[in-house]
Amino acid sequence: MATVEVTFTPLPAHVRTARLVATAVARRSGVAETLLDEVRLAVGEACSRAVEAHRRYCPAEPVRIELTDLGGRFEVVVTDAAPPEAGPDASGFAPAMDTAAVSATNGGPAPFHPVPAETRDGAFPAAFGLAVISGLADDVQVSSTESGLSVRMSWPASPTAG
Amino acid sequence: MELKLGHHTQDGIEVVDVEGEIDVYTAPRLRELLIDLVNKNNYNLVVNMERVEFLDSTGLGVLVGGLKRVRAYDGSLDLVCTQERILKIFRITGLTKVFGIHDTVDEAIAARKAEK
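Chains as they are written, first to last, in the working numbering: chain A, 1 to 162; chain B, 1 to 116.
Because the hints were derived from the structure by calculation, they are not lab data.
Glycine included, C-beta positions come from ideal geometry on N, C-alpha and C.
There may be inaccurate statements among the hints.
[Stated by the list, open to error] With a cut-off of at most 20 Å between alpha-carbon atoms, the simulated DMTMM-like pairs for lysine to aspartate or glutamate come out as follows: (1) B:Lys88 x A:Glu33; (2) B:Lys88 x A:Asp139; (3) B:Lys113 x B:Glu84; (4) B:Lys88 x A:Asp37; (5) B:Lys88 x A:Asp138.
[Unchecked claim] Now the in silico label distances, taken between C-beta atoms and shown as ranges: (6) A:Ser144 x B:Glu53: 28 to 36 Å; (7) B:Asp36 x A:Leu20: 26 to 34 Å; (8) A:Pro156 x B:Lys88: 12 to 20 Å; (9) A:Ser158 x B:Gly6: 36 to 44 Å; (10) A:Leu70 x B:Lys97: 32 to 40 Å; (11) A:Asp139 x B:Asp11: 41 to 49 Å; (12) B:Glu53 x A:Gln141: 25 to 33 Å; (13) B:Arg51 x A:Arg56: 16 to 24 Å; (14) A:Ser158 x B:Lys40: 31 to 39 Å; (15) A:Leu20 x B:Lys88: 32 to 40 Å; (16) A:Asp139 x B:Lys88: 15 to 23 Å; (17) B:Thr104 x A:Arg56: 36 to 44 Å; (18) A:Val4 x B:Glu2: 18 to 26 Å.
[As the list claims (entries may be wrong)] Covered stretches of chain B, going by a simulated chain A footprint (3 or more residues, C-beta under 8 Å): (19) 17 to 31; (20) 51 to 62; (21) 83 to 93.
Between the sequences and the hints, there should be enough to build the whole structure, so can you do that?
Now the structure itself:
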């Protein structure tokens, strides 16, 4: 069971709230202060991607975030409810880009090539957000589930904190 | 804090002052301002991000969009930023090679004038 679960209407205004909650729970779970900015940005990117997918395909469905203190690690799972058949433009996740492509390990940020060109007016594709996450989170897994796309991220935490 | 935007002219260059958080919710306002400035024939821009507290990929997209617009008129869009937490996202995405990033507005303007 997650330490904290949040569901929110897929509106851009609520992404900030999600970031604030995630940062607060991360701090409470013992994530180092130096990593909190990364948590905040990564969670924001994952939620922004999910909101975009929901607004296009299922605006009545909420976005779900699970924040879990695993005792030594802090884990965040952002799950959307966009249909898998919606394709990369909907969820921002190209099926051909498997989990390994956006995974980072404890060895440091995953390699990422610059994407200097925007593909839509004033916006990068949502997959760009996933690439940013891979450079921020200590560990990232992206997977398709029956309910939608799941972005699982985690960071080291002090088990004695909190 | 949400987003506060302002702009003024300094040495013939339009300086955009941004304060607060640039994310999926607020970035459209920055995009509108940049488009408006370009539409009013301001093709050399400096975006002062010293008081930006948060920037995500949506905000990066807006900045790249602004750069694309001013370059269409042989213009420029430089950034002022010394905050490590903001600079980090530019480094992760490789955009440090795309934007001129300076420590102060005066430095950004001087660098732009030197290139003219």
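These are the hints, each one checked on the structure:
Distance check on the hinted pair: lysine 88 of chain B and glutamate 33 of chain A sit about 16 Å apart at the alpha-carbon level, within 20 Å; holds. The straight-line distance between the Cα atoms of lysine 88 of chain B and aspartate 139 of chain A is roughly 18 Å, inside the 20 Å bound, and the hint therefore holds. With a CA separation close to 26 Å, the supplied pair lysine 113 of chain B and glutamate 84 of chain B exceeds the 20 Å bound. Of the pairs offered as hints, the one joining lysine 88 of chain B and aspartate 37 of chain A holds, with about 10 Å between alpha carbons and a cut-off of 20 Å not exceeded.
A hinted pair counts as satisfied when its Cα atoms are at most 20 Å apart, and lysine 88 of chain B with aspartate 138 of chain A qualifies at roughly 15 Å. The hint said 28 to 36 Å for the Cβ distance between serine 144 of chain A and glutamate 53 of chain B, and at roughly 34 Å that hint holds. Taking 26 to 34 Å as the suggested C-beta distance range, the pair aspartate 36 of chain B and leucine 20 of chain A conforms, at roughly 30 Å. Checked against the hint of 12 to 20 Å, the pair proline 156 of chain A and lysine 88 of chain B passes, with Cβ atoms roughly 18 Å apart.
At about 41 Å, the beta-carbon gap between serine 158 of chain A and glycine 6 of chain B stays in the expected band of 36 to 44 Å. Checked against the given bound of 32 to 40 Å, the beta carbons of leucine 70 of chain A and lysine 97 of chain B, roughly 38 Å apart, stay inside it. Take aspartate 139 of chain A and aspartate 11 of chain B: their Cβ atoms lie about 48 Å apart, and the range 41 to 49 Å holds. At roughly 29 Å, the beta carbons of glutamate 53 of chain B and glutamine 141 of chain A sit within the given window of 25 to 33 Å.
Distance hint check: the CB atoms of arginine 51 of chain B and arginine 56 of chain A are about 33 Å apart, inconsistent with the given range 16 to 24 Å. At roughly 53 Å, the beta carbons of serine 158 of chain A and lysine 40 of chain B sit outside the given window of 31 to 39 Å. Between leucine 20 of chain A and lysine 88 of chain B the C-beta distance comes to about 20 Å, which lies outside the given range of 32 to 40 Å. For the pair aspartate 139 of chain A and lysine 88 of chain B, the supplied restraint of 15 to 23 Å holds, since their beta-carbon distance comes to about 18 Å.
Threonine 104 of chain B and arginine 56 of chain A have their C-beta atoms about 41 Å apart, which keeps the hinted 36 to 44 Å range intact. Distance hint check for valine 4 of chain A and glutamate 2 of chain B: the Cβ-Cβ separation is about 24 Å, which falls inside the suggested range of 18 to 26 Å. Coverage of the segment 17 to 31 of chain B by chain A holds in this model, with 7 residues showing a Cβ closer than 8 Å to a Cβ of that chain against a need of three. Beta-carbon proximity to chain A at under 8 Å applies to 7 residues in the segment 51 to 62 of chain B; the threshold of 3 is reached and the given coverage holds.
Residues of the segment 83 to 93 of chain B lying with their CB closer than 8 Å to a CB of chain A number 5, which satisfies the three-residue condition for coverage.
Checked against the numbered hints above, the structure breaks hints 3, 13, 14 and 15 and satisfies the rest.
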